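Construct all of the structure, not just a fragment, from the sequences and the given hints.
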Amino acid sequence: MPHCLLSRFTCSFALISSVVWGLHTHNLRLNFYSVLTNLSESVESLSINNLSLAYFKEVTHAVAETCKKVQDVLTETWPEILSKVVKVEALLPHPEPKSREEFLRYSCRLTLDPNTVNPWLGLSEDGRKATVMKEKQNYPDHPDRFTDWLQALSKESLTGRCYWEVERGTGGISVAVAYEDISRTGNESGFGNNNKSWTFGCFDVTYYFRHNFEKLLLSGPKSSKIGVFLDQRAGILSFYSISDKMTLLHKVKTTFTRPLRAGIWVYWVGDTAEFLTLKQTHVL
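Numbering-wise, the sequence shown is residues -22 to -1, 1 to 262 according to mature numbering (1 follows the signal peptide of the UniProt record, and there is no 0).
No lab work stands behind these hints: they were computed from the structure. Hints may be right or wrong, so weigh each one.
[As the list claims (entries may be wrong)] Label-pair ranges, simulated between beta-carbon atoms: (1) Thr233 to Lys114: 14 to 22 Å; (2) Gln258 to Pro73: 17 to 25 Å; (3) Lys193 to His120: 24 to 32 Å.
[To be verified] Taking lysine to aspartate or glutamate and the EDC-like style, the derived pairs with C-alpha atoms no more than 16 Å apart in a straight line are: (4) Lys200 to Asp182; (5) Lys174 to Asp159; (6) Lys133 to Glu74; (7) Lys223 to Asp126; (8) Lys76 to Asp209; (9) Lys231 to Asp91.
Every value quoted in this text rests on a predicted model; they were computed, and no experiment measured them. Quick reminder that beta carbons are idealized off the backbone N, C-alpha and C, glycines included.
Below, the structure is given as structure tokens:
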């Protein structure tokens, strides 16, 4: 009987101790087992002959009641605590990537949403490459399909930090990010022709950035590959030329209010735009 009470006391006391310690370390479960093991060994070594059995009963009951209250509180509030911790971590400043290896840490696999593809664009089997065709494609009608510009959006939504690269063929293309509710018809549906999209045009010798009909002409090294880095929470959008090294072509600091989609815009027959397959790296 004394041994059972002692074990109950050990377990209850260890649980409370581990809860307090775990809240400070942001790793409740791992600390629980560590503290429980250490306290169990130390309490088992005590001599029960020097302790009052009645005292143990009172303490064990009190600790058990307290333990139950703590467990109830944690059961109800722990998910909320974790969600707030995640939000706080998201708001903490993080240094921007500097090397291509660091950018690749945030690489994402993108595919084009066939329901958004303009009828004059052909889509590759893997859904990553669009080509301007000589003939209109037989796509089913869909409210998400672009009808006036040779554009398409990605299937995947973009939140947090994302990095991707687009390769163009011999002609010019534009790479973009846009909110999902961008218009699909009319002049205002073109990437950069509204306040719901940001686009970067890439040609042989010139570049441009456009948002909400405002166009900025840019220059930079010639490249068939464009890297795009998005920090959706921080409101950062950057475009890079990719060759032997990465060169920053343009950087935007704004506020993104909701998830985005990646977009491509191709111009002339035979031109192509392709989301490249990137190998994600892990930077310590």
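Tested hints:
1. For Thr233 and Lys114, the Cβ-Cβ distance of about 38 Å falls outside the hinted range of 14 to 22 Å, so the restraint is violated.
2. For the hinted restraint 17 to 25 Å between Gln258 and Pro73, the CB-CB distance of approximately 19 Å keeps it satisfied.
3. Between Lys193 and His120 the C-beta distance comes to about 30 Å, which sits within the given range of 24 to 32 Å.
4. For the proposed pair Lys200 and Asp182, the alpha carbon gap of about 6 Å is at most 16 Å, so the pair holds.
5. Under the criterion of a C-alpha separation no larger than 16 Å, the hint pairing Lys174 with Asp159 is consistent with the structure, at around 8 Å.
6. Proximity of Lys133 to Glu74 is assessed by CA-CA distance (about 26 Å); at most 16 Å being required, the pair is judged violated.
7. Note on Lys223 and Asp126: the hinted pairing is violated, with a Cα-Cα distance of about 36 Å set against a maximum of 16 Å.
8. Pair hint Lys76 plus Asp209 holds up; C-alpha atoms about 14 Å apart against a cutoff of 16 Å.
9. The straight-line distance between the Cα atoms of Lys231 and Asp91 is roughly 27 Å, outside the 16 Å bound, and the hint therefore fails.
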